[in-house]
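Using the sequences plus the hints, can you model the full thing?
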Amino acid sequence: MEHSLFLKPKELFIDVVNPRDYVQIDSVSHMYQNLKTSVQKPLKMILLYGRPGTGKSMLLHKLHHDLSKHQKVFMVDIPIIDEDDFLRVLAQKIYGYVNREAITLTYFLELASAVNYPQTPIVLLDEAQLYSSALMEKIRLISDARALKFVITLHKTDDEDIIAKEHFQTRIWESIELQNATPDELKIYIQKKLLKSNCFDVANMINDKNIKIISKLTKGNYRNANKLMFSLFSLYAWFEEHNPRKINYNALKPKYIEMAAIHTGLIRA
Amino acid sequence: MLDIPSLERRWLKYKIKRSLPYIALVIAILMIPSIIIISLKTNNNAVPPQTDKKIIQKKVQPMPTPINEAPMVLEPSMQFVQSLPLSTSATTVSSPSALKTSTKIATSQKSIPSLTTLPSSQTKQMTTSLPVIAPIIQPSSTNKPSTINRDTAAFDIHEIEERFKNNSNPHLGLYIARYHYDHGNYSEAYNYALKTNAINNTIEESWLIFAKSLIKLGKTDQAKKTLQLYISQSNSDSARSLLESLEKGDSK
Numbered sequence: 001m002e003h004s005l006f007l008k009p010k011e012l013f014i015d016v017v018n019p020r021d022y023v024q025i026d027s028v029s030h031m032y033q034n035l036k037t038s039v040q041k042p043l044k045m046i047l048l049y050g051r052p053g054t055g056k057s058m059l060l061h062k063l064h065h066d067l068s069k070h071q072k073v074f075m076v077d078i079p080i081i082d083e084d085d086f087l088r089v090l091a092q093k094i095y096g097y098v099n100r101e102a103i104t105l106t107y108f109l110e111l112a113s114a115v116n117y118p119q120t121p122i123v124l125l126d127e128a129q130l131y132s133s134a135l136m137e138k139i140r141l142i143s144d145a146r147a148l149k150f151v152i153t154l155h156k157t158d159d160e161d162i163i164a165k166e167h168f169q170t171r172i173w174e175s176i177e178l179q180n181a182t183p184d185e186l187k188i189y190i191q192k193k194l195l196k197s198n199c200f201d202v203a204n205m206i207n208d209k210n211i212k213i214i215s216k217l218t219k220g221n222y223r224n225a226n227k228l229m230f231s232l233f234s235l236y237a238w239f240e241e242h243n244p245r246k247i248n249y250n251a252l253k254p255k256y257i258e259m260a261a262i263h264t265g266l267i268r269a
Numbered sequence: 001m002l003d004i005p006s007l008e009r010r011w012l013k014y015k016i017k018r019s020l021p022y023i024a025l026v027i028a029i030l031m032i033p034s035i036i037i038i039s040l041k042t043n044n045n046a047v048p049p050q051t052d053k054k055i056i057q058k059k060v061q062p063m064p065t066p067i068n069e070a071p072m073v074l075e076p077s078m079q080f081v082q083s084l085p086l087s088t089s090a091t092t093v094s095s096p097s098a099l100k101t102s103t104k105i106a107t108s109q110k111s112i113p114s115l116t117t118l119p120s121s122q123t124k125q126m127t128t129s130l131p132v133i134a135p136i137i138q139p140s141s142t143n144k145p146s147t148i149n150r151d152t153a154a155f156d157i158h159e160i161e162e163r164f165k166n167n168s169n170p171h172l173g174l175y176i177a178r179y180h181y182d183h184g185n186y187s188e189a190y191n192y193a194l195k196t197n198a199i200n201n202t203i204e205e206s207w208l209i210f211a212k213s214l215i216k217l218g219k220t221d222q223a224k225k226t227l228q229l230y231i232s233q234s235n236s237d238s239a240r241s242l243l244e245s246l247e248k249g250d251s252k
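If you read the protein sequences in the order shown, they are chains A and B. Heads up, the first sequence is in the numbering used here, so the first residue is 1 and it goes up one at a time. Heads up, the second sequence is in the numbering used here, so the first residue is 1 and it goes up one at a time.
I should point out that these hints are in silico values taken from the structure, not numbers from a laboratory. All clues given are correct.
Computed spacing ranges between beta-carbons, pair by pair:
no.	chain 1	residue 1	chain 2	residue 2	range
1	B	Leu-30	A	Gln-179	41 to 47 Å
2	B	Ser-6	A	Arg-223	23 to 29 Å
3	A	Ala-251	B	Asp-3	23 to 29 Å
4	A	Asp-26	B	Lys-13	38 to 44 Å
5	A	Arg-20	B	Ile-27	53 to 59 Å
6	B	Tyr-22	A	Pro-42	56 to 62 Å
7	A	Pro-19	B	Ile-27	54 to 60 Å
As a list, the in silico EDC-like pairs of lysine to aspartate or glutamate whose alpha-carbon atoms are at most 16 Å apart:
no.	chain 1	residue 1	chain 2	residue 2
8	A	Lys-10	A	Asp-21
9	A	Lys-246	B	Glu-8
10	A	Lys-253	B	Glu-8
Residues of chain A clear of chain B, computed beta-carbon distances all greater than 12 Å:
no.	residue
11	Met-75
12	Asp-85
13	Ala-91
14	Ala-102
15	Thr-106
16	Arg-140
Given the structure is predicted, the values throughout are model-derived calculations rather than measurements. The beta carbon of each residue, even a glycine, is placed where N, CA and C say it ideally should be.
Laid out in structure tokens, this is it:
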């Protein structure tokens with residue numbers, strides 16, 4: 001079991017957002033460059049939106065990872081729903097103001113004007129659809145005062161058009177939409193992830209037919225693809241231990257991909 | 001931890017469920033030609049009875065025409081009689097008297113056999129039975145019956161006899177003599193054959209009818225003499241054979 005061929009690949013696809021696991025895909029890479037350029041512009045607010053599993057959080061984490069080397073960046077990956085807490089946490093993380101008591105917006109803006117940064121600090125807000133309208137209004141006022149620059153990510157659903165939302169309609173200067181991966185992009189993503197960790201044998205097992213099935217099952221959703229690959233390599237690890245004759249090392253078995261999809265809930269059976 | 005046997009079972013179920021539409025499609029594709037073939041076969045089997053019906057109809061259709069052509073057929077009047085019970089029973093069910101009339105008609109209809117099935121010799125019986133029907137028909141029918149119940153054959157022979165009296169055509173005389181002989185009126189046959197021979201003494205059949213009528217009337221000697229006379233004049237084989245049979249005593 002310790003020398004299993006599939007254990008390492010399995011761990012690679014654990015669904016954790018880690019900027020070091022960021023895989024460069026042409027289209028995503030292009031968007032990331034756009035995002036980096038936009039951040040350097042004197043924009044008040046940048047919107048990053050797309051369907052769930054399109055890599056918004058990963059891109060935000062990557063941005064945080066890259067920008068934090070040069071300027072003050074604060075990443076809020078778990079939304080702070082309470083308004084007082086939100087301002088207090090921002091004041092502490094960006095301006096170093098430690099106070100357990102709640103602070104007002106006016107006091108926060110005074111703090112911002114008191115602390116002079118060479119570049120406007122950037123706040124990255126993940127899952128911004130969870131913030132209340134009142135808090136979003138305060139965020140708007142802070143950005144209008146040019147105290148902070150915000151990059152926010154939002155889910156785009158079929159029911160609502162995020163861009164049309166009242167909060168963002170007049171204030172967003174840049175919006176970037178992330179798309180689901182195409183089969184080719186998914187293939188690059190999976191193989192690059194495997195090759196990055198020297199899993200050459202397993203990477204060679206994945207052919208175009210396998211990718212077609214995976215893409216069809218996951219609909220280009222990176223998160224679902226991660227889940228599926230994790231289950232698939234778990235399954236292969238089990239067969240490797242209990243019944244190695246059933247493993248074809250030249251290609252992934254469509255049957256096992258479908259079994260993994262049943263296990264992850266992508267197929268209802 | 002993965003439960004692989006359970007997963008395999010679920011996968012098998014999934015594959016079966018997923019392939020069901022394709023299986024159904026394949027079955028449908030296979031079934032459609034066979035259904036078409038079967039339906040075509042059944043249609044082919046179903047066609048001959050239709051043609052048979054047509055043939056039967058075609059066979060049946062010519063039937064009325066010979067009836068119309070025959071002078072003895074009284075079919076129109078019989079159809080009229082047959083149609084009466086239906087109309088009366090349909091309109092006067094609540095009336096007991098009408099019911100009686102309808103039943104009478106029904107019974108009288110039963111007593112009258114279809115003319116189409118009757119031989120020509122029975123037509124006289126029908127003419128006698130028709131007056132029995134007439135009183136029942138008259139009250140219920142508003143239209144006068146257009147049929148004329150008559151012995152057309154008798155009427156025609158009288159007409160021919162009249163014509164023969166007027167123009168003395170030997171062929172008419174021969175026809176009348178033959179008619180009477182066939183109908184057993186041997187004295188009439190004798191008279192007309194005699195008249196015909198008087199007009200034209202070369203008609204063999206007229207001489208033969210004359211002789212045979214004499215035989216039937218019991219005048220065998222006279223018949224022999226007549227035949228001998230005719231044989232001497234015409235050398236007729238038919239007359240000779242009749243004479244021979246008469247002499248042998250087996251004349252008909």
